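Participant: Residue numbers (the numbering used here), protein chains in the order written: chain A, 1 to 306; chain B, 1 to 306; chain C, 1 to 273; chain D, 1 to 273.
Any given hint could turn out to be false.
Said to hold, decoys possible - Interface residues of chain A toward chain B, partial, derived using beta-carbon atoms under 7 angstroms:
1. Ala68
2. Leu71
3. Lys215
4. Pro221
5. Pro225
6. Val238
7. Leu255
8. Ala260
Stated by the list, open to error - Calculated pairs, PhoX-like style, for lysine-lysine (alpha carbon to alpha carbon, straight line, at most 20 angstroms):
9. A/Lys291 - B/Lys295
10. A/Lys205 - D/Lys80
11. B/Lys291 - A/Lys208
12. B/Lys208 - A/Lys298
13. A/Lys54 - D/Lys245
14. D/Lys207 - D/Lys162
15. A/Lys205 - B/Lys286
16. B/Lys306 - A/Lys215
17. C/Lys89 - B/Lys208
18. D/Lys245 - C/Lys89
19. B/Lys295 - A/Lys205
20. A/Lys291 - B/Lys208
None of these hints come from the bench; they were simulated from the model. This one's a predicted model, so the numbers in the text were calculated from it and none came from an experiment. Backbone N, C-alpha and C define an ideal beta-carbon position, used for all residues, glycine too.
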Amino acid sequence: MSIEVDLSIDIAGIKMQNPVITASGTFGFGLDYLHYYDVNKLGAVVVKSITKNKREGNPPPRIIETPAGLLNSIGLANPGIDFFIKEVIPQMDSIRIPVIVSIAGDEIEEYVELASRLDKQDRVAALELNISCPNVKKGGLEFSTSAEQVEKLTVSVRKATSLPIIVKLSPNVTDIVEIAQAAAAGGAHALSLINTVLGMVIDVKMRKPVLGNKKGGLAGPAIRPIAVRMVWDVSQAVDIPVIGMGGICTAEDALQFIMAGASAVAVGTWNFVNPTAPLDIIDGLKEFCIKEGVKDIKELIGCSWK
Amino acid sequence: MSIEVDLSIDIAGIKMQNPVITASGTFGFGLDYLHYYDVNKLGAVVVKSITKNKREGNPPPRIIETPAGLLNSIGLANPGIDFFIKEVIPQMDSIRIPVIVSIAGDEIEEYVELASRLDKQDRVAALELNISCPNVKKGGLEFSTSAEQVEKLTVSVRKATSLPIIVKLSPNVTDIVEIAQAAAAGGAHALSLINTVLGMVIDVKMRKPVLGNKKGGLAGPAIRPIAVRMVWDVSQAVDIPVIGMGGICTAEDALQFIMAGASAVAVGTWNFVNPTAPLDIIDGLKEFCIKEGVKDIKELIGCSWK
Amino acid sequence: MLKKERRKMRVRAQIVEHLKIGRAYYLLGLHAPEIARTAEAGQFINIRCAETLDPLLRRPFSFYSIDRDAGIIKILYEVKGRGTEILSKYKVGDFLDIMGPLGRGIDELDNGGIQVILLGGGVGGAPMAALAEKLHECGMRAIRVLLGASTMDRLIPFDVFKSLGIEVSAATEDGSLGYKGFVTDLLKKQLEKFERKDCLVYACGPKEMLKAAAEICRNKGVKCIVLMDALMACGVGACQGCALKVRDEDGVETYVRVCTEGPNFDAREVVWE
Amino acid sequence: MLKKERRKMRVRAQIVEHLKIGRAYYLLGLHAPEIARTAEAGQFINIRCAETLDPLLRRPFSFYSIDRDAGIIKILYEVKGRGTEILSKYKVGDFLDIMGPLGRGIDELDNGGIQVILLGGGVGGAPMAALAEKLHECGMRAIRVLLGASTMDRLIPFDVFKSLGIEVSAATEDGSLGYKGFVTDLLKKQLEKFERKDCLVYACGPKEMLKAAAEICRNKGVKCIVLMDALMACGVGACQGCALKVRDEDGVETYVRVCTEGPNFDAREVVWE
Ligand SMILES: Cc1cc2nc3c(=O)[nH]c(=O)nc-3n(C[C@H](O)[C@H](O)[C@H](O)COP(=O)(O)OP(=O)(O)OC[C@H]3O[C@@H](n4cnc5c(N)ncnc54)[C@H](O)[C@@H]3O)c2cc1C
Ligand SMILES: Cc1cc2nc3c(=O)[nH]c(=O)nc-3n(C[C@H](O)[C@H](O)[C@H](O)COP(=O)(O)OP(=O)(O)OC[C@H]3O[C@@H](n4cnc5c(N)ncnc54)[C@H](O)[C@@H]3O)c2cc1C
Ligand SMILES: Cc1cc2nc3c(=O)[nH]c(=O)nc-3n(C[C@H](O)[C@H](O)[C@H](O)COP(=O)(O)O)c2cc1C
Ligand SMILES: Cc1cc2nc3c(=O)[nH]c(=O)nc-3n(C[C@H](O)[C@H](O)[C@H](O)COP(=O)(O)O)c2cc1C
Ligand code: FES
Ligand code: FES
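Generate coordinates for the entire structure from the input sequences, incorporating the hints supplied.
Facilitator: So, in structure tokens, the structure goes:
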């Protein structure tokens with residue numbers, strides 16, 4: 001009964017053995033989960049967003065659970081590009097799958113500098129531009145909500161590196177398609193969506209927001225229908241591949257994104273609950289394909305609207 | 001121990017004995033729940049959106065459960081204004097609290113016509129302009145995402161009626177504050193937020209969207225943090241009162257909205273699960289005030305940022 | 001109408017019986033005298049299966065039996081997804097938050113002379129048990145029950161019908177019990193045998209089965225009442241979520257609410273899509 | 001470091017004991033030999049309390065006792081909210097999805113000569129039980145345990161300590177058992193009695209208590225290790241959610257992860273806000 005199923009996928013030259021990757025910020029530098037399973041079974045790893053300088057991040061509390069969701073205001077806490085290149089990359093020897101490095105900045109120049117420095121790193125398979133982190137006051141929201149800025153940023157970064165560029169979009173916009181098209185026009189090789197949805201929880205006993213940073217980004221299963229809708233809209237409007245994410249827990253969830261038009265999917269918040277979920281999802285995708293007689297998972301990409 | 005707590009609130013001349021109302025579209029015409037409890041204990045009732053002509057609504061399936069949420073594409077199914085005035089209003093005799101009538105249209109002229117017809121109805125305490133229903137192709141989204149259109153609409157409706165006007169805002173925008181300010185500038189007496197968040201669920205067995213209308217609006221606890229964030233932002237930016245809604249189930253949830261700046265709160269999806277929730281919330285608000293020594297709930301409005 | 005609807009209520013009902021039936025079904029008995037008092041065959045209750053927000057909504061289940069004297073109602077359910085999975089974990093003595101009785105009961109039963117066929121596919125047979133009891137109570141004796149399922153494990157129990165002296169014929173797709181094939185084949189045969197039109201068919205089960213039954217009955221000129229399924233949010237008529245397309249005599253199509261105007265409909269009105 | 005962390009794992013552990021303790025706490029015993037093998041006092045496990053998506057995250061609980069030979073670990077927990085409420089419903093024989101051992105264990109125990117005080121506020125006393133066992137195992141005899149709570153029902157059981165021959169002093173805010181007042185008052189008195197600085201205090205409990213204990217120890221020049229609480233998402237260092245502000249010797253402030261760099265910290269490093 002067991003037929004061969006082709007789960008492999010090539011996104012902008014990033015060759016993945018399967019379409020299941022980890023979402024930035026939920027998997028550290030790919031090292032924290034090495035103890036739980038063989039990370040090399042994934043399609044790729046996306047690391048926590050890196051900035052030029054070390055960032056301490058936002059004051060705690062930084063996370064609060066919401067109904068089927070997680071609100072966070074980590075604030076891009078990361079050791080900075082120097083430490084990343086000197087200390088983290090050498091530790092990544094045991095990771096043999098593509099490593100996608102997420103970068104974030106306050107200004108275009110910062111992205112450009114990060115990109116050109118990472119350009120020289122062999123271990124880096126692609127760059128993801130995090131233009132949509134809602135937890136940074138400067139930059140952040142501006143980039144992600146202005147089509148013009150997004151295009152300009154993408155063009156600038158492309159000039160600085162020959163690495164494939166993935167632009168990660170924010171859901172906190174009136175028209176995500178417009179932003180997606182701007183990124184594509186700027187030369188993005190692929191798009192990631194969605195980042196977190198702006199939200200807030202108030203502690204009624206203290207009469208103030210729970211999070212130290214007041215607002216945070218909502219992730220997890222709660223936002224899944226929002227993410228599926230956006231992947232559906234964007235993937236029909238652009239010619240570059242889309243990496244879908246937002247509340248993916250199971251193979252069925254992953255299939256929703258693939259059928260909505262995603263070429264690959266990323267697991268975020270659910271890693272925290274079930275660290276081996278990405279593996280379960282890979283198995284589940286294979287099983288689905290076998291049962292449904294699908295020889296190549298690529299047949300399913302966008303099949304709900306094609 | 002039992003001190004007197006003042007829960008009453010006056011929103012744009014709508015005098016409510018307490019700040020707990022029902023959200024449009026989740027309480028029918030206030031008649032379906034008459035069997036479960038005394039609806040007259042609520043602050044007010046908002047009825048299902050009415051359009052000029054009878055609308056059959058969207059093809060089924062119209063609802064699908066999501067993690068801690070409900071995605072719906074009812075499509076404004078309603079019997080139209082004639083039937084509403086002739087058949088429904090007379091049945092509302094047993095309702096002695098303010099009845100707020102939600103109206104929706106494809107064009108400004110339709111809103112104006114609905115407003116002027118309802119202007120003459122004694123049973124109607126106020127109008128809520130549903131400019132944000134994501135389930136109608138024409139109109140709907142356009143109004144709600146354009147500050148200019150929202151202001152124009154509000155100005156036009158104000159001319160047609162002396163009833164207080166509540167503009168209900170959509171969360172599917174980059175900057176809800178801008179839209180809120182436009183409604184205020186146009187003469188809105190109050191704002192309701194939020195309406196549902198655009199979303200989609202795909203049936204992976206059928207390889208197509210579950211809902212007959214493909215996309216729907218996400219409501220329920222899942223969207224609560226998004227709603228609280230928007231109430232927080234909007235209520236600090238405008239001088240008119242805000243009615244908060246989105247995933248309210250308990251008194252604690254209601255307090256989150258009040259502390260974020262809402263003068264009243266509406267219960268939507270949760271009515272379906274717990275029809276007496278609005279009463280439990282009223283009791284819970286009173287209890288909270290007693291415990292915390294709050295004599296007038298109005299003291300709590302916006303207290304998390306004041 | 002309002003008077004009738006006033007009977008709807010929300011109660012915490014104690015579980016008095018909870019048994020696994022065959023490999024796929026559970027029988028759940030609830031002490032809910034206020035609901036039992038007015039409940040009718042064909043109506044349903046809306047159960048809150050979980051205390052958490054996921055799954056969020058209540059789940060609808062038809063009455064399988066109604067014992068007014070004892071104040072006990074029963075449902076027969078299949079574990080389909082998360083709601084019923086959680087429901088199956090409850091123990092005798094636990095309490096459940098239920099709303100009911102919801103929907104219209106079946107009330108066209110006075111025509112004593114008529115021959116009645118009760119058709120149930122899978123767990124769709126459940127409401128037929130309550131209906132059989134009601135018909136029997138009304139003095140109706142010309143009742144036949146046709147039950148179908150993919151395999152014998154998925155047939156609902158026959159005992160309720162047998163204890164009323166009602167004949168049951170079964171069909172399984174794999175032939176593990178009774179006729180091998182679809183239960184609608186049995187319906188066809190039965191209607192051919194009758195050769196008379198003053199027969200009334202009640203049917204509940206998967207949509208495809210209902211559609212087939214509707215067509216068979218239409219061809220024979222026999223009236224068929226179908227109990228329709230729909231995804232429901234409120235169950236009380238407030239949300240318009242459970243829309244079903246129907247066509248009136250003039251061919252005008254409108255949507256009706258399964259939870260309020262139904263769940264039982266004349267099959268000729270239903271627009272099968 | 002990597003080698004040590006490799007010991008972390010995720011297992012389905014069977015419940016071997018589940019008792020209500022007093023009015024507020026539960027004792028939960030789990031058969032998890034792989035985790036018990038390497039678990040250290042001061043570390044914790046992350047339990048998936050519900051199978052649904054609400055509550056979503058795991059919940060962290062410190063080891064209350066570790067029995068390597070039997071492969072059994074125990075936690076003592078308080079029902080605080082929905083997660084622990086659901087947890088309390090599990091029965092002996094059920095399985096739980098747990099991750100562990102997480103965080104750093106307490107490993108500064110070799111200095112045999114030192115006098116140790118274990119300070120626990122409310123359910124914060126739980127990890128002190130595992131610590132007492134470990135200290136005793138290491139041959140340490142100069143141990144005193146100070147437990148505090150609002151009322152006697154909320155004191156953790158003394159038996160673990162008593163069976164090791166360790167003296168326990170209790171304080172309750174309402175005076176229902178032991179000293180009437182804060183357990184930090186007892187700490188102050190104890191430290192005054194000692195009049196020596198080669199004493200080590202371990203403390204776990206509400207933030208206000210830890211802050212007070214830290215100050216008392218600082219004034220006396222006594223080292224104090226605090227077990228910090230934090231809202232956690234991953235528990236393994238990946239999310240940066242459990243940030244705690246610390247200040248190094250040069251006064252430089254940074255955030256560390258309670259789940260990875262902690263949960264135990266030198267109280268002098270913690271920036272109390
Ligand atoms: C009026 C009425 C009476 C019913 N009576 C019975 C009965 O007596 N016994 C019985 O076993 N079942 C009955 N059902 C169906 C029952 O409500 C569903 O099986 C149940 O809601 C599934 O819940 P779940 O959480 O286990 O499944 P979910 O996890 O919600 O879904 C599992 C699968 O079932 C489908 N499903 C979910 N809800 C429904 C629904 N309301 N109707 C149809 N499919 C659904 C989903 O699309 C999915 O494919 C009745 C339904 C209606 C509308
Ligand atoms: C390293 C560590 C070890 C712990 N060890 C124990 C232990 O041995 N025994 C024990 O009873 N508890 C322990 N806790 C606390 C325990 O994790 C929380 O009480 C539990 O997560 C509450 O879950 P809940 O779903 O019942 O409450 P929720 O419904 O999530 O919340 C109820 C209340 O508790 C607060 N809360 C929720 N999660 C936490 C948390 N992680 N820390 C502090 N407050 C929280 C919420 O803000 C809210 O006010 C420990 C926490 C940490 C970080
Ligand atoms: C704790 C946390 C930290 C995150 N950090 C980042 C980040 O540094 N860069 C980024 O692009 N996205 C970040 N994200 C967003 C995720 O990558 C992902 O886009 C989002 O969480 C939606 O997926 P999910 O619902 O599966 O978590 C973070 C999300 C969480 C929950
Ligand atoms: C089934 C359903 C129907 C709705 N119909 C309407 C409507 O007709 N007009 C309107 O303004 N809002 C409508 N809404 C939106 C609600 O009024 C409310 O704004 C939204 O659901 C958020 O609140 P909740 O999370 O408490 O449900 C509807 C919501 C649901 C779930
Ligand atoms: S389920 Fe809400 S109207 Fe039928
Ligand atoms: S809880 Fe995720 S880093 Fe500590």
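Participant: With reference to the structure, classify each hint as holding or not holding.
Facilitator: Structure-based check of each hint:
1. Ala68: holds (4 angstroms)
2. Leu71: holds (5 angstroms)
3. Lys215: Nearest chain B Cβ about 6 angstroms off; hint holds.
4. Pro221: holds (4 angstroms)
5. Pro225: holds (3 angstroms)
6. Val238: At 18 angstroms from the nearest chain B Cβ, A/Val238 fails the 7 angstroms test, so the hint is violated.
7. Leu255: Holds: closest Cβ of chain B sits about 4 angstroms from A/Leu255, inside 7 angstroms.
8. Ala260: With a minimum Cβ separation of about 6 angstroms from chain B (threshold 7 angstroms), the hint on A/Ala260 holds.
9. A/Lys291 - B/Lys295: violated (64 angstroms)
10. A/Lys205 - D/Lys80: Roughly 15 angstroms separates the two Cα atoms, so the pair holds.
11. B/Lys291 - A/Lys208: This hinted pair holds, its Cα atoms lying about 18 angstroms apart.
12. B/Lys208 - A/Lys298: holds (16 angstroms)
13. A/Lys54 - D/Lys245: holds (15 angstroms)
14. D/Lys207 - D/Lys162: violated (27 angstroms)
15. A/Lys205 - B/Lys286: holds (15 angstroms)
16. B/Lys306 - A/Lys215: Answer holds: B/Lys306 to A/Lys215 is near 16 angstroms, not above 20 angstroms.
17. C/Lys89 - B/Lys208: Violated, at roughly 33 angstroms.
18. D/Lys245 - C/Lys89: Given pair D/Lys245, C/Lys89 is violated - Cα atoms ~44 angstroms apart, limit 20 angstroms.
19. B/Lys295 - A/Lys205: holds (16 angstroms)
20. A/Lys291 - B/Lys208: Holds. A/Lys291 to B/Lys208 sits at ~18 angstroms (cutoff 20 angstroms).
Violation of the numbered hints given earlier is confined to hints 6, 9, 14, 17 and 18; the remaining hints are satisfied by the structure.
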